[in-house]
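Taken in order, these protein sequences are the chains called A and B. Counting in this note's numbering, the first sequence runs from 1305 upward without gaps. Counting in this note's numbering, the second sequence runs from 3 upward without gaps.
Errors might be hidden in some of the hints.
To be verified - Between beta-carbon pairs, the in silico distance windows are:
1. A/Ile1542 / B/Ile205: 38 to 46 Å
2. A/Leu1510 / B/Trp302: 34 to 42 Å
3. B/Tyr82 / A/Pro1316: 44 to 52 Å
4. B/Leu168 / A/Gly1405: 55 to 63 Å
Calculated from the structure, these hints are not laboratory results. Cβ atoms here follow ideal geometry from the backbone N, Cα and C, with glycine treated the same way.
One letter stands for each residue in the lines below.
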Amino acid sequence: MKFKTFAWFVGPSIFLMLLFIAAPLISVFLQSFYVTQPVFESVEVETCTPGFLEQTCVTEIKTRPILDDAGQMVTQTSYVGLQSYRNVLEPARAWEALSNGNISSLLTIDFWKALRFTLTFTLVTLPLVIIVGLAIAVAVNNASKRIRGPVIFISLLPFIITPVIGALSIRWLFIGDGIMTAFLEWALMRDISMFAQGWTIELLMLFYRVWHVAPFAFVIFYAGLQTVNQDTLESAIIDGASRWERLKFVIIPHLMPLIIFISLIHLMDCYRAFEEIIGFSSQAHRISLQWLTYDLLTPDDSGNRSISRASASAMLTMVGIVILLIPLLRRTWRDHKGA
Amino acid sequence: MSTPRALRQPLSLRLASAGFLGFWCLLAAFPIFWIAVMSFKTPIDAFASNPLSVIFGPETRAMGNGLSIIDILLGVAVLYATVKLALGWLPGACKRFAPGGQVWLGWLIGVIGFALGFLIVFFGILPLITGVLNSLTGPLGTKILGLSTEHYKAVWIENQFYDNFLNSLFVTAGVVTISLTVGTLAGYGLARSGSNLAFWILIIALIFRALPHSVLVAGYLPVFINSAEILKPILGENAPTLYGQPLAVIAVLVSINQPFTIWMLRSFFQNIPNELDEAARVDGCTHFQAFRWVIMPVMWPGVITTGLFSFLLAYNDFLVTSLLLDANNQTMVPAIAGYFNRETTTTDQVEAVAAAVSITAPLFLLVMIFQRQIVSGLTAGAVKG
């Protein structure tokens, strides 16, 4: 294919990606060094209240935003260097907490709290998703052909459902005296409220994520199981391998590329955890990195969006993504070289 | 063909495997099934701690809303007949009566007509018939299952959820159409060019796929809010404010989706043998003609699968739509956040449940119809590496 034809085919897609992905990235990077604020002026205001014999007058200096002719606040943008990053990371407080060995006070800072949650969340769900997905795939492969269709249909439901709604549907089972809470209270003989403390919410969020992603792992493993070499399996049987040994030495090595693929996709997606926070309304207890940026972008009570702090937190989130991507990129590069 | 003895499994293993599978199915379906049940009950029943009262809804029944055995039997019969007709008769009829050989138009009219017919029969004619039958048959006609549609009415009619539905429809349709058009072109180009440039484009797309969406939105927001001023020198007085425009959101979602789309379509195009293009080229087609008249007709399964995933991305999105659209043209998923943040009364909560079920229903249908395509799409990228 000539370069010109290639350019015609790929052009529109490249244009969209440059305009809506590459350009915003650069602009976020630049924004994180600037702050746009209303300009304030200090004025001396004399307020008088009527009193006996004579008025009591108080003179104070007030700061108020300057308004332009249209009545809008005048804003100015100034270069602040790394100030926004400092506002997000709060290095002084973080360092003090670290040097005192006081982790819990480090976790009162939003960014570190979000980082802690995102990392635990990602690392705890990863093995669970792989194990559960593999277990379902093996069980379905073992089941009779007639029930496979319906089982795959049911299994796809948690994967396909809108993430916010999936999280909500689990939350509604546990909220207040919902039936799952009632069941747990009956089973454990004690009073339970799932949404009063952080760690129970975190458990529910972990459960939700595994429930949501395991079907994806299952479908991929199931497709992989269809291509297991039957001859190898038979020779393993002749050599006297037990079922467990066959799984461990024949099937899992065969599925290894798929396990790596799922891990990478899962790491990328989990690192972007966001919908759980919305669905479980857990922002008082648990927040994730992406939610932190989202929250800074939402207008606060006075209608301001802290764009520059959001940009700084977005750029810090990016650092993690880059670290996650390096092994993937190295592998792809090696494949390309080899091919 | 019987299984060799060495491969036959002991009973305990088979039981354990079947038991695990049953447990997983229960786990997978239960939350969704349960919110569907809850949405039809009065708040007291919906949040009752006894599961039986959630299912049978005594309070709902006491308010005069419910179904008798006859209602249930007739309803199930009509549903069964609908599914049978939809799977057996509808596809043939759509093809036969398609105007002027335009099969897709036949499908469109057929499906819309069928859905309308079902709604009329199920909600219009059926209640009249069961009303008469219930009064005639005595014990069979008494209500045993509490069921009320008041929350759906409140959500869809009083709270004007149909506005959000239409917005969702518009955004989703736009995203699917544009991202497939742009994506098939790019996917074809990338699959047929072995150059280093194509490789680098794919790698950069892979990096873009991993970006958190909030990072990108942080880039759009200030520009979109001030776009009227920024675009003024170019477009003059009628420069639009992009914030709150569904069209701008479509463009954003298409672009965010592009990396994934081109990777997936590329892997589908690579399955189509190169000889097919070459044959067309020998016959005098240009690259574009070969693409349009030779490759596309055999590409439909891949396009449908990719379209499904674009649909899911646009339909399920919360982050981008909630930040870039204002309250006037909110889509369904962010709109539901308004319900559960409000959570003042339990009625609001059940209304939120009803809204959630309304959002899930189309997805449920989607899995039913396109299960095979979804599975093939999930495995397309993975199994080939």
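TODO: Kindly indicate which numbered hints from before are broken by the structure, ordering the numbers from low to high.
DONE: Violated hints: none at all, because every hint is consistent with the structure.
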